[in-house]
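There are 2 protein chains.
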Amino acid sequence: MMNQTTAHRLLGALLLLFLWVPTAQSAFPVERFTLANGLTVLLVESHSNPMVEFRLLTRAGSAYDPNGLQGIAYVMGWMANEGAGELEAQAFQEKLDFRGMRLYGSTSRDYLKYQLTTLSRDLDEAFQMLVDAVKQPRFDAEPLARVKRERIASYEQSREDADTLADEALMQALFSNHPYRHPVGGYPRTIEKITPEDLHRFHQKAIRAPNMVLSVAGDISLKKLKSLVQQHFSGLSPDPGPFGAPVTRTLPLQQAGFTQQHIHKQGPQTVVQMGWMGIDRHDPDYFAVYMLNHLLGGGGFTSRLTQEIREKRGLTYSVHSYFVPWEGRGGWEVGMRTRNQSRDQALALARAELAKIRHEGISEEELSQAKKHLLGAFPIMLDSLSKLASTWSIIGFYKRGWDYLERWPERVAAVTTADLKRVANRFFNENQMVAVMVGPEGVEQKISKANERDSSPKAGKYKH
Amino acid sequence: MMNQTTAHRLLGALLLLFLWVPTAQSAFPVERFTLANGLTVLLVESHSNPMVEFRLLTRAGSAYDPNGLQGIAYVMGWMANEGAGELEAQAFQEKLDFRGMRLYGSTSRDYLKYQLTTLSRDLDEAFQMLVDAVKQPRFDAEPLARVKRERIASYEQSREDADTLADEALMQALFSNHPYRHPVGGYPRTIEKITPEDLHRFHQKAIRAPNMVLSVAGDISLKKLKSLVQQHFSGLSPDPGPFGAPVTRTLPLQQAGFTQQHIHKQGPQTVVQMGWMGIDRHDPDYFAVYMLNHLLGGGGFTSRLTQEIREKRGLTYSVHSYFVPWEGRGGWEVGMRTRNQSRDQALALARAELAKIRHEGISEEELSQAKKHLLGAFPIMLDSLSKLASTWSIIGFYKRGWDYLERWPERVAAVTTADLKRVANRFFNENQMVAVMVGPEGVEQKISKANERDSSPKAGKYKH
Numbered sequence: 001m002m003n004q005t006t007a008h009r010l011l012g013a014l015l016l017l018f019l020w021v022p023t024a025q026s027a028f029p030v031e032r033f034t035l036a037n038g039l040t041v042l043l044v045e046s047h048s049n050p051m052v053e054f055r056l057l058t059r060a061g062s063a064y065d066p067n068g069l070q071g072i073a074y075v076m077g078w079m080a081n082e083g084a085g086e087l088e089a090q091a092f093q094e095k096l097d098f099r100g101m102r103l104y105g106s107t108s109r110d111y112l113k114y115q116l117t118t119l120s121r122d123l124d125e126a127f128q129m130l131v132d133a134v135k136q137p138r139f140d141a142e143p144l145a146r147v148k149r150e151r152i153a154s155y156e157q158s159r160e161d162a163d164t165l166a167d168e169a170l171m172q173a174l175f176s177n178h179p180y181r182h183p184v185g186g187y188p189r190t191i192e193k194i195t196p197e198d199l200h201r202f203h204q205k206a207i208r209a210p211n212m213v214l215s216v217a218g219d220i221s222l223k224k225l226k227s228l229v230q231q232h233f234s235g236l237s238p239d240p241g242p243f244g245a246p247v248t249r250t251l252p253l254q255q256a257g258f259t260q261q262h263i264h265k266q267g268p269q270t271v272v273q274m275g276w277m278g279i280d281r282h283d284p285d286y287f288a289v290y291m292l293n294h295l296l297g298g299g300g301f302t303s304r305l306t307q308e309i310r311e312k313r314g315l316t317y318s319v320h321s322y323f324v325p326w327e328g329r330g331g332w333e334v335g336m337r338t339r340n341q342s343r344d345q346a347l348a349l350a351r352a353e354l355a356k357i358r359h360e361g362i363s364e365e366e367l368s369q370a371k372k373h374l375l376g377a378f379p380i381m382l383d384s385l386s387k388l389a390s391t392w393s394i395i396g397f398y399k400r401g402w403d404y405l406e407r408w409p410e411r412v413a414a415v416t417t418a419d420l421k422r423v424a425n426r427f428f429n430e431n432q433m434v435a436v437m438v439g440p441e442g443v444e445q446k447i448s449k450a451n452e453r454d455s456s457p458k459a460g461k462y463k464h
Numbered sequence: 001m002m003n004q005t006t007a008h009r010l011l012g013a014l015l016l017l018f019l020w021v022p023t024a025q026s027a028f029p030v031e032r033f034t035l036a037n038g039l040t041v042l043l044v045e046s047h048s049n050p051m052v053e054f055r056l057l058t059r060a061g062s063a064y065d066p067n068g069l070q071g072i073a074y075v076m077g078w079m080a081n082e083g084a085g086e087l088e089a090q091a092f093q094e095k096l097d098f099r100g101m102r103l104y105g106s107t108s109r110d111y112l113k114y115q116l117t118t119l120s121r122d123l124d125e126a127f128q129m130l131v132d133a134v135k136q137p138r139f140d141a142e143p144l145a146r147v148k149r150e151r152i153a154s155y156e157q158s159r160e161d162a163d164t165l166a167d168e169a170l171m172q173a174l175f176s177n178h179p180y181r182h183p184v185g186g187y188p189r190t191i192e193k194i195t196p197e198d199l200h201r202f203h204q205k206a207i208r209a210p211n212m213v214l215s216v217a218g219d220i221s222l223k224k225l226k227s228l229v230q231q232h233f234s235g236l237s238p239d240p241g242p243f244g245a246p247v248t249r250t251l252p253l254q255q256a257g258f259t260q261q262h263i264h265k266q267g268p269q270t271v272v273q274m275g276w277m278g279i280d281r282h283d284p285d286y287f288a289v290y291m292l293n294h295l296l297g298g299g300g301f302t303s304r305l306t307q308e309i310r311e312k313r314g315l316t317y318s319v320h321s322y323f324v325p326w327e328g329r330g331g332w333e334v335g336m337r338t339r340n341q342s343r344d345q346a347l348a349l350a351r352a353e354l355a356k357i358r359h360e361g362i363s364e365e366e367l368s369q370a371k372k373h374l375l376g377a378f379p380i381m382l383d384s385l386s387k388l389a390s391t392w393s394i395i396g397f398y399k400r401g402w403d404y405l406e407r408w409p410e411r412v413a414a415v416t417t418a419d420l421k422r423v424a425n426r427f428f429n430e431n432q433m434v435a436v437m438v439g440p441e442g443v444e445q446k447i448s449k450a451n452e453r454d455s456s457p458k459a460g461k462y463k464h
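Protein chains in written order, with full-length UniProt numbering: chain A, 1 to 464; chain B, 1 to 464.
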């Protein structure tokens with residue numbers, strides 16, 4: 001019976017793999033070209049909806065903020081629809097509004113992103129607005145003052161948000177003296193200082209063709225896209241400038257021992273986060289890390305942390321783990337919320353689970369189930385123009401290779417239990433981590449076996 | 001010049017309308033059938049992705065919670081993947097996980113919704129799980145105890161969230177003695193009391209074929225869907241039972257005068273919300289209300305409230321208005337966050353803007369721009385299988401008519417300035433409203449003209 005089931009599963013996995021084998025006609029067609037100045041352009045042509053999605057990424061994330069002006073990349077992103085060329089903020093936004101176009105900027109640690117959604121009917125006009133936003137932002141004093149006030153207000157507001165406080169403390173502990181350390185949005189004292197001149201200086205370094213990727217999906221032909229891009233972007237500087245190399249990979253990153261800090265905040269629950277150094281986008285263990293994170297706490301009902309902390313003991317509503325592979329190494333983190341008196345127990349359980357995985361590894365059965373889950377969920381990652389444009393922009397920016405989506409299923413399928421064991425040994429050192437708790441101080445803790453039983457769903461006043 | 005521009009705009013609008021004129025071959029094809037027991041089934045067939053999206057709505061939202069058991073519909077939704085038929089919670093969730101299927105329930109005021117996403121490869125197995133979740137939920141004591149603890153913890157957590165506190169206070173003020181009054185998730189004291197027997201009783205009333213709509217989008221044929229539905233759902237009760245009629249429309253709803261309440265909460269910002277009674281889904285003024293709300297604060301950069309409160313005075317980062325058309329009349333609300341000392345000014349500005357629109361109406365130019373925006377944004381509402389399945393489920397549940405999407409653009413285009421004036425007179429009575437503020441008490445207020453100028457982006461320390 002067991003053998004039959006296993007055989008059935010293997011057959012299923014093989015059939016699935018067969019479906020994904022790349023052929024001459026790719027299952028994930030993308031057209032691409034590069035301008036003489038180095039700008040990379042990607043297109044997924046699709047005429048099922050009369051819409052076009054654009055994503056333009058450039059290497060000018062918060063890691064490139066000048067010291068003392070932390071948050072300037074974020075402010076530049078926020079200003080993307082606050083006036084460009086001849087149009088002041090009000091006129092620019094009205095023009096967008098009146099066509100139902102959406103154009104805005106946003107910022108991550110590595111890149112600044114412009115995002116445009118338009119009906120194909122308005123293609124030329126919309127593209128012109130993207131071009132103006134990218135090449136000729138105005139950074140007028142009045143909208144800048146408003147944007148700065150908004151960012152400062154949202155910073156102040158977020159002082160009441162336990163998750164934000166824990167995130168920030170964890171990043172500071174993991175990335176001391178590293179450009180990934182500060183919040184993408186900066187600090188009030190640095191935001192205050194930003195002037196239009198600062199923004200124009202930063203913009204001049206940020207908009208360099210070789211550091212940029214334009215990803216497009218939707219109702220537009222390659223010929224039309226080429227003509228638009230050549231007309232408007234061939235004049236961009238071919239000099240990569242000071243942001244040409246991701247300097248962030250060169251810095252030493254390490255934690256010494258296990259450290260824990262507590263941030264006081266009143267309330268019935270404590271946010272518990274724990275982190276350690278993970279990988280960059282080019283790490284050869286990427287797919288093994290991806291798989292191991294999924295098994296640890298990356299999603300679904302059956303992750304190890306969900307089973308141990310939520311299902312068996314009911315200590316939290318949700319516990320997640322995630323890793324952030326940047327151009328430089330990013331964090332790998334576990335996060336949850338518990339009642340205050342369970343926080344030490346929950347943290348101890350998370351550390352114990354990491355140690356257990358490192359010592360015992362992952363079984364063939366568990367790995368095979370995880371593969372089925374990930375391969376099954378794969379098409380959902382790409383079921384809209386917006387997701388296609390975004391996914392390809394990331395692949396282009398991080399140079400993951402043009403066969404990345406094509407080969408994704410086979411690479412997931414190729415991960416072995418030995419890979420997981422090796423990766424767990426490399427990363428799951430429960431004595432080389434940083435933990436942060438945000439909640440009231442001095443709460444009586446439950447860790448004894450007897451008390452543990454009290455907080456289980458099988459006992460106590462909820463028993464029926 | 002102005003005339004030419006206007007002519008150009010009109011031409012654009014006319015061309016757009018022409019594109020949307022319904023033809024024999026609908027632009028929004030939906031296949032539909034009804035079982036003998038009254039279950040309505042809708043299908044948008046699309047084979048571009050190997051996926052199928054299901055939405056099953058039934059009239060069993062929180063408005064149907066028995067008194068004293070507020071939150072039971074919410075808990076029933078939450079329990080949708082916590083075990084059904086032969087499978088206990090753990091086994092049920094593993095089965096979902098291992099195929100990468102997503103199945104869960106959620107609850108609104110009017111309906112309880114089951115949502116399933118699956119690869120078409122796993123169609124039969126996935127549909128069987130949906131069927132089991134709908135027809136044979138287990139409501140086992142152990143997962144129920146966990147779900148209740150989670151809901152109570154999230155309720156407690158949300159006591160720290162100013163927006164939640166303001167929402168709840170507003171609903172209580174607008175809907176005294178009405179089943180829409182209580183939070184969808186109930187209260188800790190009512191959640192505590194829910195037993196498996198209560199859930200089975202509620203389930204027995206909730207799952208009635210004539211009160212249900214199944215909406216499907218994706219990689220499945222009509223023939224296959226018919227066969228699945230007939231096999232599994234033709235045995236559902238044809239008796240609409242106690243939830244057969246939306247009783248909620250019969251209750252009187254009104255506010256007397258303008259009332260304002262303050263909920264104390266420490267912090268640098270105050271949440272300001274203001275609400276009044278809006279419309280139900282069948283109101284003949286639906287499209288005029290939709291348009292007027294868009295102009296007031298429904299989206300985009302150019303809404304009246306955004307202009308007056310954010311752009312001109314910089315008092316808030318974002319101000320929104322929205323209306324919720326339920327089976328019974330729902331609220332129409334304005335919400336924002338301001339610095340504490342600006343809260344009275346911000347509220348006064350919002351009330352003044354409502355009065356201004358009521359007295360002066362909306363200009364032809366402004367209306368024409370809003371139409372362009374809404375018609376331009378329309379395709380974005382339907383650009384994925386998930387959005388298609390959800391949109392059709394709502395159209396089916398609220399009986400909006402099978403030509404609803406087809407005729408949406410022409411109905412938006414048909415709204416006149418006279419309609420807006422009439423609707424503003426009907427709803428924008430700034431002296432018949434409820435306002436709620438959540439923030440510190442006793443903050444010194446700025447309302448004088450002089451102080452108002454101080455808080456404008458044109459003056460003060462941000463001036464460059």
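Think of the hints as simulated: they come from the structure by calculation, not from any bench.
Bear in mind the structure is a predicted one, so any value in this text is a computation, not a measurement.
A portion of the hints provided could be inaccurate.
The following residues of chain B were derived to be distant from chain A, with all beta-carbon distances above 10 angstroms [to be verified]:
#, residue
1, 153
2, 269
3, 310
4, 369
5, 416
Within a straight-line C-alpha distance of at most 30 angstroms, the following computed BS3-like cross-link-like pairs (lysine-lysine) qualify [unchecked claim]:
#, chain 1, residue 1, chain 2, residue 2
6, A, 205, A, 372
7, A, 95, B, 312
8, B, 224, B, 205
9, A, 372, B, 312
10, A, 193, A, 226
11, A, 193, B, 312
12, B, 356, A, 95
13, A, 224, B, 95
Short, incomplete list of chain A residues facing chain B, as computed with Cβ under 10 angstroms [claimed, not checked]:
#, residue
14, 51
15, 92
16, 157
17, 160
18, 165
19, 187
20, 189
21, 234
22, 237
23, 240
24, 269
25, 304
26, 376
Even for Gly, the Cβ is constructed at its ideal location relative to N, Cα and C.
Against the structure, the hints:
Distance check on residue 153 of chain B: its Cβ comes as close as 6 angstroms (rounded) to a Cβ of chain A, failing to clear the 10 angstroms threshold; non-interface status is violated. In this structure residue 269 of chain B is not separated from chain A by more than 10 angstroms, as the shortest Cβ-Cβ distance comes to only about 6 angstroms. Not every beta carbon of chain A lies more than 10 angstroms from that of residue 310 of chain B, the smallest distance being close to 8 angstroms; the non-interface claim is violated. Against chain A, the non-interface label of residue 369 of chain B is violated: not every CB pair exceeds 10 angstroms, the least being about 5 angstroms.
Consistency note on residue 416 of chain B: stated as away from chain A, and its beta-carbon is indeed over 10 angstroms from all of that chain's, at 19 angstroms minimum. For the suggested pair residue 205 of chain A and residue 372 of chain A, the alpha carbons sit about 45 angstroms apart, so the restraint of at most 30 angstroms is broken. For the proposed pair residue 95 of chain A and residue 312 of chain B, the alpha carbon gap of about 18 angstroms is at most 30 angstroms, so the pair holds. Between residue 224 of chain B and residue 205 of chain B the alpha-carbon distance is near 29 angstroms, which keeps this suggested pair within the 30 angstroms criterion.
Using a Cα cut-off of 30 angstroms, the hinted pair residue 372 of chain A and residue 312 of chain B is violated, with the two alpha carbons roughly 54 angstroms apart. A C-alpha spacing of about 40 angstroms is found between residue 193 of chain A and residue 226 of chain A, which places the hinted pair above 30 angstroms, so the restraint is violated. For the proposed pair residue 193 of chain A and residue 312 of chain B, the alpha carbon gap of about 23 angstroms is at most 30 angstroms, so the pair holds. Restraint check for residue 356 of chain B and residue 95 of chain A: satisfied, since their Cα atoms lie roughly 25 angstroms apart, inside the 30 angstroms limit.
With a C-alpha separation of about 47 angstroms, the suggested pair residue 224 of chain A and residue 95 of chain B falls outside the 30 angstroms cut-off, and the hint is violated. The interface hint given for residue 51 of chain A holds, since its Cβ lies 6 angstroms from the closest Cβ of chain B, which is under the 10 angstroms cut-off. Restraint check, residue 92 of chain A versus chain B: the minimum CB separation of about 9 angstroms is within 10 angstroms; hint holds. Hint status for residue 157 of chain A: holds, given a least beta-carbon distance of 6 angstroms to chain B, under 10 angstroms.
The interface hint given for residue 160 of chain A holds, since its Cβ lies 6 angstroms from the closest Cβ of chain B, which is under the 10 angstroms cut-off. A hinted interface residue such as residue 165 of chain A counts as satisfied when its beta carbon comes closer than 10 angstroms to some beta carbon of chain B; here the least separation is about 13 angstroms, so the hint is violated. Interface hint status for residue 187 of chain A: violated, as the beta-carbon distance to the closest one in chain B is roughly 15 angstroms, over 10 angstroms. About 13 angstroms separates the beta-carbon of residue 189 of chain A from the nearest beta-carbon of chain B, more than 10 angstroms, and the hint is not met.
Given hint, residue 234 of chain A at the interface with chain B, is violated; its Cβ is 29 angstroms from that chain's nearest Cβ, farther than 10 angstroms. With 10 angstroms as the threshold, the beta carbon of residue 237 of chain A stays out of range of chain B, its nearest partner Cβ sitting at about 27 angstroms, so the hint is violated. For the restraint placing residue 240 of chain A at the interface with chain B, the shortest Cβ-Cβ distance is roughly 31 angstroms, beyond the 10 angstroms limit, so the hint is violated. Against a cut-off of 10 angstroms between C-beta atoms, the interface hint on residue 269 of chain A holds, since the closest Cβ of chain B lies about 6 angstroms away.
Because the beta carbon of residue 304 of chain A sits about 13 angstroms from the nearest beta carbon in chain B, more than 10 angstroms, this interface hint is broken. A least Cβ separation of about 2 angstroms between residue 376 of chain A and chain B falls short of the 10 angstroms threshold, and the interface hint therefore holds.
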